[in-house]
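Number of protein chains: 2
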Amino acid sequence: MILWNEATAIEKQKALLRPAVKQSQSVQTATAAILEQVKEQGDKALLNLAQQFDKRSNARLLVPHAEIAQASSLLTTELKTAIDIAYNNIKQFHQAQQPKALKIETTPGVVCELKYQAIAAVGIYVPGGSAPLPSSVLMQGVLAQLAGAQTIVLATPVKGSETINPAILYAAQLCGITTIVEAGGAGAIAAMAFGTESVPKVFKIFGPGNSFVTMAKQLVAQQVPGLAIDMPAGPSEVLVIADERANPEFIAADLLSQAEHGEDSQVVLVTNSANIIEAAQVALSKQLNNLSRKDIAGAALENSSFILVDSIEQAFEVSAQYGPEHLILQLGDATPYLDLVKNAGSVFVGDFTPESAGDYASGTNHVLPTYGYSQVYSSLNLLDFYRTYTIQTISKSGLTELAKAILPLAAAEGLDAHGKAVSIRLESIVND
Amino acid sequence: MILWNEATAIEKQKALLRPAVKQSQSVQTATAAILEQVKEQGDKALLNLAQQFDKRSNARLLVPHAEIAQASSLLTTELKTAIDIAYNNIKQFHQAQQPKALKIETTPGVVCELKYQAIAAVGIYVPGGSAPLPSSVLMQGVLAQLAGAQTIVLATPVKGSETINPAILYAAQLCGITTIVEAGGAGAIAAMAFGTESVPKVFKIFGPGNSFVTMAKQLVAQQVPGLAIDMPAGPSEVLVIADERANPEFIAADLLSQAEHGEDSQVVLVTNSANIIEAAQVALSKQLNNLSRKDIAGAALENSSFILVDSIEQAFEVSAQYGPEHLILQLGDATPYLDLVKNAGSVFVGDFTPESAGDYASGTNHVLPTYGYSQVYSSLNLLDFYRTYTIQTISKSGLTELAKAILPLAAAEGLDAHGKAVSIRLESIVND
Numbered sequence: 302m303i304l305w306n307e308a309t310a311i312e313k314q315k316a317l318l319r320p321a322v323k324q325s326q327s328v329q330t331a332t333a334a335i336l337e338q339v340k341e342q343g344d345k346a347l348l349n350l351a352q353q354f355d356k357r358s359n360a361r362l363l364v365p366h367a368e369i370a371q372a373s374s375l376l377t378t379e380l381k382t383a384i385d386i387a388y389n390n391i392k393q394f395h396q397a398q399q400p401k402a403l404k405i406e407t408t409p410g411v412v413c414e415l416k417y418q419a420i421a422a423v424g425i426y427v428p429g430g431s432a433p434l435p436s437s438v439l440m441q442g443v444l445a446q447l448a449g450a451q452t453i454v455l456a457t458p459v460k461g462s463e464t465i466n467p468a469i470l471y472a473a474q475l476c477g478i479t480t481i482v483e484a485g486g487a488g489a490i491a492a493m494a495f496g497t498e499s500v501p502k503v504f505k506i507f508g509p510g511n512s513f514v515t516m517a518k519q520l521v522a523q524q525v526p527g528l529a530i531d532m533p534a535g536p537s538e539v540l541v542i543a544d545e546r547a548n549p550e551f552i553a554a555d556l557l558s559q560a561e562h563g564e565d566s567q568v569v570l571v572t573n574s575a576n577i578i579e580a581a582q583v584a585l586s587k588q589l590n591n592l593s594r595k596d597i598a599g600a601a602l603e604n605s606s607f608i609l610v611d612s613i614e615q616a617f618e619v620s621a622q623y624g625p626e627h628l629i630l631q632l633g634d635a636t637p638y639l640d641l642v643k644n645a646g647s648v649f650v651g652d653f654t655p656e657s658a659g660d661y662a663s664g665t666n667h668v669l670p671t672y673g674y675s676q677v678y679s680s681l682n683l684l685d686f687y688r689t690y691t692i693q694t695i696s697k698s699g700l701t702e703l704a705k706a707i708l709p710l711a712a713a714e715g716l717d718a719h720g721k722a723v724s725i726r727l728e729s730i731v732n733d
Numbered sequence: 302m303i304l305w306n307e308a309t310a311i312e313k314q315k316a317l318l319r320p321a322v323k324q325s326q327s328v329q330t331a332t333a334a335i336l337e338q339v340k341e342q343g344d345k346a347l348l349n350l351a352q353q354f355d356k357r358s359n360a361r362l363l364v365p366h367a368e369i370a371q372a373s374s375l376l377t378t379e380l381k382t383a384i385d386i387a388y389n390n391i392k393q394f395h396q397a398q399q400p401k402a403l404k405i406e407t408t409p410g411v412v413c414e415l416k417y418q419a420i421a422a423v424g425i426y427v428p429g430g431s432a433p434l435p436s437s438v439l440m441q442g443v444l445a446q447l448a449g450a451q452t453i454v455l456a457t458p459v460k461g462s463e464t465i466n467p468a469i470l471y472a473a474q475l476c477g478i479t480t481i482v483e484a485g486g487a488g489a490i491a492a493m494a495f496g497t498e499s500v501p502k503v504f505k506i507f508g509p510g511n512s513f514v515t516m517a518k519q520l521v522a523q524q525v526p527g528l529a530i531d532m533p534a535g536p537s538e539v540l541v542i543a544d545e546r547a548n549p550e551f552i553a554a555d556l557l558s559q560a561e562h563g564e565d566s567q568v569v570l571v572t573n574s575a576n577i578i579e580a581a582q583v584a585l586s587k588q589l590n591n592l593s594r595k596d597i598a599g600a601a602l603e604n605s606s607f608i609l610v611d612s613i614e615q616a617f618e619v620s621a622q623y624g625p626e627h628l629i630l631q632l633g634d635a636t637p638y639l640d641l642v643k644n645a646g647s648v649f650v651g652d653f654t655p656e657s658a659g660d661y662a663s664g665t666n667h668v669l670p671t672y673g674y675s676q677v678y679s680s681l682n683l684l685d686f687y688r689t690y691t692i693q694t695i696s697k698s699g700l701t702e703l704a705k706a707i708l709p710l711a712a713a714e715g716l717d718a719h720g721k722a723v724s725i726r727l728e729s730i731v732n733d
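Chains as they are written, first to last, in the numbering used here: chain A, 302 to 733; chain B, 302 to 733.
Next up, chain A with everything else stripped away, as it sits in the complex (with noise of 0.2 Å):
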């Protein structure tokens, strides 16, 4: 525990310092050497590298129609209504955020447009691991879906004889996907950036990884001119503000919901009261011990930070200068503090809202920046598959006035070829 007034600067520092992300030399190599050789071999690279690090038996890399319509029969029912309630939830809220485009004349004959194009072939990247995340599906795909990509690639890894987990396929199916690479990795990165027999070529490329797919995303983003990727991905945080009556249970609940995604994961409790720590503690101990990931979650625990602060104000001070991905207000009637929320990526208002709500089904987006990049990016929302451009239809009326402000701005910048552009007009209208 930490007594924020007491504290001094750099145990502030260190009380809010986020576990160091290691960029190493080695893995930048091997990331290059990968890109290299998807780039010159396509197919046949891939295949390599599944053989290579996921022991792959067999020789397809994209899963057939047919399977990807069956997927839905191989699913409990729960978990069928439990991806059809998340992908609903999340359509709605992305659906309401469909951009409209804008018209308006700045002067007599000037009329200028802003308008949407929806980002043409997309890839969505799915970490494999320890378990297949469908979640991750649809918080991509469904908006690449309503934003009407007319190409989205999903890759995901497959090991060894196995083959993509069902709750996958039918996510995907919803959203409309129907190219799904069974790769993972750099490799995966590199063949929806450079395109190869089998895999489309996309402009814009999302989802979270490993090092080794952080550092592809980078790398193909500088290497490959008009190549987009969504946002720099570090690892999982949560912070949460609770008073003196929150329910410590509840507390416990959510930082180790938090702490479970991984040893780099971090969690911290904000509170005004001495005894809600206390509590809080007892209860993570206990609950710690009944979790099938109870060894990552007690490491992620050991970055944690326990915070004692004089007020619910000075809470959001400490929060905005860390800038959490996920901020849970534990409080009785947090309305007023609401706009006291700066850096956060998703906020979580009340006690019978946890975390995981977000993770899967309130709505919102679950991808959202971390490590600190709260303060400057957003969550991921529908028009990041989206690019905005301009229009701009000028008459010879509101030429002849533009030109007040084109002809001296063009002179001083030096550039008569500017100037000469409207003048030469100028001159045709005067000679109508």
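A couple of the hints might just be wrong.
The list makes no distinction among identical chains, and a pair is therefore deemed to hold if it is satisfied within one copy or across any two copies.
Said to hold, decoys possible - Taking lysine-lysine and the BS3-like style, the derived pairs with C-alpha atoms no more than 27 Å apart in a straight line are:
#  : residue 1 : residue 2
1  : Lys381    : Lys643
2  : Lys356    : Lys404
3  : Lys392    : Lys416
4  : Lys705    : Lys595
5  : Lys340    : Lys313
6  : Lys345    : Lys502
7  : Lys502    : Lys697
8  : Lys392    : Lys381
9  : Lys381    : Lys502
10 : Lys595    : Lys315
11 : Lys697    : Lys587
12 : Lys502    : Lys315
13 : Lys502    : Lys392
14 : Lys460    : Lys595
15 : Lys502    : Lys313
16 : Lys404    : Lys697
17 : Lys345    : Lys356
18 : Lys460    : Lys345
19 : Lys587    : Lys705
20 : Lys643    : Lys404
21 : Lys460    : Lys401
22 : Lys416    : Lys381
23 : Lys401    : Lys416
24 : Lys392    : Lys705
25 : Lys404    : Lys416
Note that these hints are calculated values from the structure, not bench results. Just so we're clear, the structure is a prediction, and the values are computed from it rather than from any experiment.
Since the structure of chain A is already known, use the hints to place chain B on it.
Only chain B this time, still in chain A's reference frame:
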């Protein structure tokens, strides 16, 4: 001239090939060293760099507020009016882009919100070079002002014993910018990224620049957690689509106003009329000779392409393939074709809408994706100065309903604690 329908795939590719951008290792090494110096030594390093690269004779870094306030009195009435008109039009068009918060109930008792937060501190880089660029200040500063950034830092280089041009200072003043740094190049980017004694640290850096500035932006975005940059910058470019009734003099003037930007600028004319190509080339030679920057424009014209297509529809296909920063439509009636516009940064419709109108004063932004990035990146817009985040507020009954999605998904993903954070709350509801 290239006949599109008779060209081979390689000839087509060559006609739309952009001049290569050099990304030399030596630029990276030199830039990294400058970043390190500024990070370590702050103001002292900035002053040393100004002496070394800009032959600065005075030792100040910030423009005194009185100097900013006096700038307008040093301008001609014409230039002051020009800046005022441009400011007002840009402000109108971007003010209309103010985002609205969103709030919907995805499930009874589950309220989801999307909110906007201005990026608190932004940096704007304005290149120096052969002329002052007040338009570059407006195209970025107006947006920062409208979003309500608390801190706006403007950096621009100053040579020898000069001071910053009053047109730049006046444009900055209109945008409410009070922190103006007399420093350029990679050093200025580093100062805004890391902060120095005089220069506030910012969270997002905007603005074009030479290869050192571009490299510095890329490097600080990688090095500094929580820092973002606007978009990759490449050489400027225009593609004109013209029909047989277009005015060849107007076409030539538009091509030249692009070509005079720099030797690596690129201009492309696509038309269904061989006569138009011939007449535009004659007009080009004639107009070129009267330009003060004719050497630059002449060199840029060596990268130009003149493409003859069968139909205007096909011209739009060529344009979509190229993805031009600026797309000019000199067509009798462009309306039926506007749905064919793809991968363009900004579109100029009709004979009396020259590119220079958008460069300065129509109201649209002149910071646009180049170099093929227009298939995925947006024209600079007000949302680039905001970030979005989400809020969810869930009632007891809302959580009970959502549990049908959360519990099976958490189980499928092997995340016990995610489920537990819900079930522990459901138990307390039952026990109410």
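How the hints compare with the structure:
no., hint, in the structure
1, Lys381 - Lys643, "neither (37 Å within a copy, 38 Å between copies)"
2, Lys356 - Lys404, "neither (55 Å within a copy, 47 Å between copies)"
3, Lys392 - Lys416, "both (22 Å within a copy, 18 Å between copies)"
4, Lys705 - Lys595, "between (70 Å within a copy, 25 Å between copies)"
5, Lys340 - Lys313, "between (47 Å within a copy, 22 Å between copies)"
6, Lys345 - Lys502, "within (16 Å within a copy, 47 Å between copies)"
7, Lys502 - Lys697, "neither (43 Å within a copy, 46 Å between copies)"
8, Lys392 - Lys381, "within (16 Å within a copy, 50 Å between copies)"
9, Lys381 - Lys502, "neither (31 Å within a copy, 49 Å between copies)"
10, Lys595 - Lys315, "within (25 Å within a copy, 59 Å between copies)"
11, Lys697 - Lys587, "between (77 Å within a copy, 25 Å between copies)"
12, Lys502 - Lys315, "between (44 Å within a copy, 21 Å between copies)"
13, Lys502 - Lys392, "within (26 Å within a copy, 38 Å between copies)"
14, Lys460 - Lys595, "within (24 Å within a copy, 62 Å between copies)"
15, Lys502 - Lys313, "between (46 Å within a copy, 20 Å between copies)"
16, Lys404 - Lys697, "within (19 Å within a copy, 44 Å between copies)"
17, Lys345 - Lys356, "within (15 Å within a copy, 56 Å between copies)"
18, Lys460 - Lys345, "within (18 Å within a copy, 55 Å between copies)"
19, Lys587 - Lys705, "between (74 Å within a copy, 26 Å between copies)"
20, Lys643 - Lys404, "between (32 Å within a copy, 18 Å between copies)"
21, Lys460 - Lys401, "neither (44 Å within a copy, 45 Å between copies)"
22, Lys416 - Lys381, "neither (37 Å within a copy, 31 Å between copies)"
23, Lys401 - Lys416, "both (8 Å within a copy, 17 Å between copies)"
24, Lys392 - Lys705, "between (48 Å within a copy, 17 Å between copies)"
25, Lys404 - Lys416, "both (9 Å within a copy, 23 Å between copies)"
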